[in-house]
Amino acid sequence: MNGQVAAAYVVPGLPHPLLAPEASPAWRKLRGAYARVAAEIEATDADLILYFSTQWLSVLGYLFQADPEPGWTLVDHNWHEFGAMKYKMRVDTEFASAYAREVKAMGHYAREVNYEGFPIDTGVVVAQALLNPSNRFPAAMVSCNMYAEKQETLSIGQAAVRALEKTGKRAIVVCVTGLSNRFEVEEIDPLDDKLSSLKDDEWNRKILEILGEGRLEDVSEVMREFSRQANADMGGRGIWWLNGLCGKHNDFSGRVFEYQPIWGTGAALAGLYPKRAIRPVPGWVNDEADLVERFVGAGVKAKASDSSAARPVAGEAVIENRRDEASRGEGPPSGVVRAEKAPEPVGPYPHARRVGDFLFLSGCGPRKPGTKIIPGVVIDAEGNVVAHDAEAQTRSVLENIKAILEEAGAAIEDVVDVQVFLTDMKRDFAIFNKVYGEYFTKSGPTRTTVEVGSLPTPIAVELKVTAYLGPRSRAGAR
Amino acid sequence: MGEGKIIAGVLAPHPPHLVYAENPPQNEPRSEGGWDALRWGYERCRKSVLAQKPDVFLVHSPHWMTVVGHHVLGLPRFQGLSVDPIFPHLFRFRYDVRVDVDLSLLIHEEGRKAGLTMKVMRNPDFRIDYGAITSLYLMNPAFDVPMVSISCNNSPYYFSNEVGQEEMKRLGEATAEAIERSGKRAVLLASNSLSHRHFTTEPEIPEDMSHEHIYHHGQYLWDMQVLKLMREGRSRELIDILPEFMDMASAEVKAGALTWMISALGFPAYPAEVHGYGSVIGTGNAVVEWAHERMKNERAHEREEGRERTRGRWGGQADGAAEERTGGVR
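Just so you know, the protein sequences line up as chains E and V, in that order.
Mind the numbering: the first sequence is residues 182 to 659 in this note's numbering, read in order.
Mind the numbering: the second sequence is residues 36 to 365 in this note's numbering, read in order.
Just chain E, with the same shape it has in the complex (with noise of 0.2 Å):
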């Protein structure tokens, strides 16, 4: 399959597996895992090998390593009793310059370092002795910023993506990362190393389940939660990275090698092979993943000066949606109602459900149908809205609602009951009135509004209405 990414790979950092395989079945068996992922590393096309390590941190934005040859003896600083790790790589200066580019281009601070005796991490230099010993591809390297949250570490991945177009290569993705990351603290029997805790152990079996079915973006989305729970390496960084790289989705085969302790952490060798080729999302920016709708503002993609990004209109604003994997190919149940006409939901729910006489829309906003279109919206050069058309987002709000009822068969005459939620309620209550009282009268639904501290993207207005299908007149809409 053609695109940048030929496999992506989660291994573990410490350095047991390499310098004292032979004292733990554990990181005996680790150790194998990484012999069975170089096997396959050896038989691929890659260009180059790109890891990202949680051990190599960074304060100011990102590092990139752009010595072309570095080499050191490396004792770990906690577990030097095991032994130096001498290493020399070959890295991609070239791609390096690239993704710093990349980088920088999406408003971070980066950095090349070519100095000698650069403290390559012992997770890169791990990985890189069990992968790539004979340094057949190779190497690049981007640290992990550790004031980074998540947004900022996907579009650090997608940066790669997007160097990686830029220079015509395909790469094996190496993410260097630990999964609950509790060690036991003081001295153990290697023989009888063991995860520090079950409830660690049954989130680590619960994320490399998912991961083992090739669903990086639900791992990625359950990051903070298994952060939480078992104290993931870095906050689950590494995983954020490799998701934003790889754009964002389930669409992977996977699988588990292995998963062991080092020390009481959880350690495992996972692989992703994308099914559908690896290629930067158009639009990307620096969104906040979370959401079931990403806004693209106009401002970091006029930064990326990536011509192949949409270019939203002034007063316009886009959203993609991500479809609910789970529900595709099912029919709707009974009573469900799917607009065509109307803006497709942007989660798992329908436009409306009817239960008995009446029927219940789900919260609609503004956006055009068929499009990503939200009127009424002004951007600043840095993607973030700063104005907004109450009047138009009402209106069109309004619009989509009859929409919804008319392919349910009903009208706007039929609706018993509104709820508002408005983002400015001091600001945008009188011309919300005012566009309402168009498709209202004072004698129809009862109506609540309520000011909210913000919607799901970048909307002003959104109505949630209930309409009655039973026999009874319509005289409460113009």
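A hint or two may mislead.
Output of the computed footprint for chain V on chain E, the stretches with three or more beta carbons under 8 Å from beta carbons of chain V [said to hold, decoys possible]:
#1 359 to 367
#2 391 to 404
#3 606 to 613
Lysine-lysine pairs mimicking DSS-like chemistry, simulated, CA-CA at most 25 Å apart [claimed, not checked]:
#4 E:Lys387 with E:Lys210
#5 V:Lys204 with V:Lys148
#6 V:Lys148 with E:Lys267
#7 E:Lys645 with E:Lys607
#8 E:Lys583 with E:Lys645
#9 V:Lys154 with E:Lys375
No lab work stands behind these hints, which were simulated from the structure alone.
The structure displayed is predicted, hence computed values, not measured ones.
Just so you know, even glycine gets a beta-carbon here, dropped at the ideal spot from N, CA and C.
The hints should help you fit chain V onto chain E, whose structure is shown.
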């Protein structure tokens, strides 16, 4: 042997920027200066400490991180190139340090007696962390006094700030016992900044001081609060509020060096001297000296003279309180 003593404790932060700014021959990058208030503070502190002729510097740095216990260096000499992984453009320093292995082993022994997990690091290829190198250089650029380096155990990160504090108190007590047994005149270096939220970008010229300021005012207020306690000799209160300080100001003292040092000093009740305070890439840093031996001698002298305790010396508090507090001088 016996009758070793701690002659001073120093809060000795390790921003590599300060070394970079000094342009020592060991450091490859060149600068036009910067961070003067802190560097001059170090200069004053250095004069004060070196005048007391220490036999050994003990440094506890958060950049030698260990998860299994507390480690000490167990070989007599380390030479090499220390490159800061975070600020490599500022710090690429060729070091040559001598280790007081005897004292290292005594700390190892006393730590074990105290129930702590201890290890001796004997791998000759081990690279000394840049935090320790920075604090040592700034206190003694000649590197002509042997050192003992103690690793930073990550227990507060795996358990809680309070657990980490308790562990470091015990390590401090063990360190004091080891120093007493060693017969050496020791200086403790707690290689920690105070508030520790960094900016994630830097100006084109890193030493461009027009860009340097504390990350946010809350950090400044917290830094001032803990410095006030130091200056007033209220070290038990200081240690009590550190867990909150760690959370509220992302304080690097979470790594435990300050607690270790205060504990080794016996929770001193005399005022510490703040030689300098300033921010480095947004973090709050102070060079603070606990002139332990001098304070102890002053106390003895005052007793001989039978003088009334001076109110100014002890923060204007009642004589009885002063008497009680001076008992904290080990």
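Earlier hints that do not hold, by number = 2, 3, 6
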